[in-house]
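Taken in sequence, the protein lines are chains L and W.
Going by this note's numbering, the first sequence opens with residue 1, and the numbers climb by one from there.
Going by this note's numbering, the second sequence opens with residue 1, and the numbers climb by one from there.
One should not assume that every hint holds.
Estimated spans, in silico, between C-beta atoms of each pair [stated by the list, open to error]:
| hint | chain 1 | residue 1 | chain 2 | residue 2 | range |
| --- | --- | --- | --- | --- | --- |
| 1 | W | 94 | L | 76 | 44 to 54 Å |
| 2 | L | 16 | W | 6 | 22 to 32 Å |
| 3 | W | 7 | L | 24 | 25 to 35 Å |
| 4 | W | 117 | L | 193 | 35 to 45 Å |
| 5 | W | 131 | L | 193 | 19 to 29 Å |
| 6 | W | 117 | L | 26 | 33 to 43 Å |
| 7 | W | 81 | L | 64 | 50 to 60 Å |
| 8 | L | 35 | W | 37 | 26 to 36 Å |
| 9 | L | 50 | W | 129 | 26 to 36 Å |
| 10 | W | 131 | L | 188 | 43 to 53 Å |
| 11 | W | 46 | L | 188 | 51 to 61 Å |
Some chain W residues well away from chain L (every beta-carbon gap over 10 Å; in silico) [unchecked claim]:
| hint | residue |
| --- | --- |
| 12 | 4 |
| 13 | 6 |
| 14 | 54 |
| 15 | 68 |
| 16 | 71 |
| 17 | 76 |
| 18 | 81 |
| 19 | 86 |
| 20 | 87 |
| 21 | 98 |
| 22 | 117 |
| 23 | 121 |
| 24 | 122 |
| 25 | 126 |
| 26 | 128 |
| 27 | 131 |
Because the hints were derived from the structure by calculation, they are not lab data.
From a predicted model like this one, the values you see are computed outputs, not experimental measurements.
In this text, a Cβ means the ideal position worked out from N, Cα and C, and glycines have one as well.
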Amino acid sequence: MKRKENFFPIFFVVAFLCIIILILSLSGNLKFLSSFLEKGTSAVQGITFHVFRSLPFISEDSKIKDLRDENLNLLSKIVDAEKLKRENQALSDQFQTSYPPSYKLLKADVIGAPGFVPGVSQPLNLILNKGSKDNLKVGLAVVVKNNLVGTIVSVSENLAKVNTINNPSSSFTSKAENGAEGIVKGGASLTLSNVLLSENVKVSEIVLTYGDVDFNGIGIPADLVVGKIISVERNPSDLFQKAKLESFVDFGKLSTVFVYINTK
Amino acid sequence: MLPIFILFFLLAVAFSAVTTIPFSVSFLVVSAVIFKKSWVFFAALAIGLLLDLVNIRPLGYTSLAFTIFVFLIRLYERKFETQTFAFVFIATFLGSLIYLLLFSYNQAFMQSFVNAVIGILLFKFLWLKLGLRSEII
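Can you make the complete structure from the sequences, with help from the hints?
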């Protein structure tokens with residue numbers, strides 16, 4: 001009979017190595033090494049992602065893609081027009097207007113969008129090929145056209161991880177077109193909750209971000225498109241009403257996104 | 001065996017770009033069950049580091065979890081027979097479930113089930129490929 005191998009010493013050595021690596025990594029002493037290794041792994045990730053996306057049963061029909069792009073463009077125009085209208089109103093009312101903050105958009109390529117069933121499940125995270133060396137920070141908003149995609153949740157030297165707005169841990173303040181304020185939460189479906197019963201929220205209304213940028217310019221800027229209301233749940237005995245939303249962005253089909261960086 | 005492992009490391013990185021199913025767990029379970037060698041601990045360390053890199057987590061976090069997981073499998077095999085479909089299925093399912101819950105992935109039960117089935121297929125494939133009959137290698 002084969003003698004049983006004593007694996008305890010090896011286990012303790014490897015576990016000790018893991019703990020040392022973890023401590024060094026948490027204290028930031030392994031940045032140079034992870035930065036070096038990331039270049040290789042991100043290249044493999046990027047190639048796989050693009051090869052996978054080009055598979056015939058995964059890639060989107062060009063006609064549908066064109067229509068989707070056109071739809072996003074039209075939506076951008078509607079939102080811009082609304083914004084101009086409000087600014088014009090503010091000018092005529094108060095003879096003053098707040099200048100839009102100075103934002104810069106940084107282009108980033110998506111190199112990973114893992115979901116349960118590739119090409120079918122909506123990804124809850126995106127991996128971008130830009131990191132802290134490109135001034136990306138945790139909390140910055142990620143957009144495509146002027147549609148909110150999500151926020152950055154972790155950054156390394158060369159990569160950044162984005163929680164998409166449909167991620168269950170995603171939550172931010174928003175407002176409907178008519179001004180009704182609420183909180184958009186991710187999950188199985190996007191939900192606009194905590195909307196006062198007195199507010200008149202309607203189906204097909206567009207929901208925009210309320211704006212939640214801190215003193216350092218980190219956060220979600222105002223007036224980014226979150227999605228369209230597809231159903232409203234109103235119970236007279238409740239304090240609040242809620243609505244289900246549908247984002248205009250197909251997170252699984254994104255290949256390029258933009259990160260809002262405040263240049264002030 | 002080395003080319004297979006290099007290929008697997010590349011696949012572990014590659015698949016993490018498109019799916020959240022933890023194939024690494026099924027690979028580690030099958031390796032620990034079939035080969036019963038200490039190099040599986042080093043494989044756990046290496047795969048864990050790769051996954052930490054691609055998922056932007058502190059290095060060593062996943063490695064530690066995988067190393068402890070392999071240790072538990074090796075402990076279990078001292079008392080019980082592990083080269084069975086039932087063990088591979090349950091170990092892969094539980095390992096995947098803990099991994100997915102630990103790192104807050106969604107649909108953890110479904111993904112763990114799919115991974116457990118993949119684990120069984122991999123186990124059967126390697127078993128036939130290596131022509132194993134009993135505790136050898």
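Results of checking the hints against the structure:
1. W/94 to L/76: 44 to 54 Å: 48 Å, holds
2. L/16 to W/6: 22 to 32 Å: Hint holds: Cβ distance 26 Å, inside 22 to 32 Å.
3. W/7 to L/24: 25 to 35 Å: 29 Å, holds
4. W/117 to L/193: 35 to 45 Å: At roughly 37 Å between Cβ atoms, residue 193 of chain L and residue 117 of chain W fall inside 35 to 45 Å, so the hint holds.
5. W/131 to L/193: 19 to 29 Å: 59 Å, violated
6. W/117 to L/26: 33 to 43 Å: Once the Cβ atoms are compared, 36 Å apart, the range 33 to 43 Å for residue 26 of chain L and residue 117 of chain W holds.
7. W/81 to L/64: 50 to 60 Å: This hint holds: roughly 53 Å between Cβ atoms.
8. L/35 to W/37: 26 to 36 Å: 33 Å, holds
9. L/50 to W/129: 26 to 36 Å: 31 Å, holds
10. W/131 to L/188: 43 to 53 Å: Holds - the Cβ-Cβ distance for residue 131 of chain W and residue 188 of chain L, about 47 Å, lies within 43 to 53 Å.
11. W/46 to L/188: 51 to 61 Å: 36 Å, violated
12. 4: Consistent with the label, residue 4 of chain W stays out of reach of chain L, its closest Cβ about 17 Å off (over 10 Å).
13. 6: 12 Å, holds
14. 54: Not fine: 5 Å to the nearest Cβ puts residue 54 of chain W too close to chain L.
15. 68: Check fails; 7 Å does not lie beyond 10 Å.
16. 71: About 5 Å separates residue 71 of chain W from the closest Cβ of chain L, which leaves it inside 10 Å; violated.
17. 76: The claim stands: residue 76 of chain W keeps its Cβ more than 10 Å from every Cβ of chain L (closest is about 12 Å).
18. 81: Holds, since 13 Å exceeds 10 Å.
19. 86: 22 Å, holds
20. 87: Given a closest Cβ separation of 17 Å, the condition holds.
21. 98: Residue 98 of chain W clear of chain L: closest Cβ-Cβ about 16 Å, beyond 10 Å.
22. 117: Answer for residue 117 of chain W: holds, closest chain L Cβ roughly 14 Å.
23. 121: 17 Å, holds
24. 122: 19 Å, holds
25. 126: Given a closest Cβ separation of 18 Å, the condition holds.
26. 128: 21 Å, holds
27. 131: 17 Å, holds
In this structure, the earlier hints numbered 5, 11, 14, 15, 16 are contradicted, and the remaining ones agree with it.
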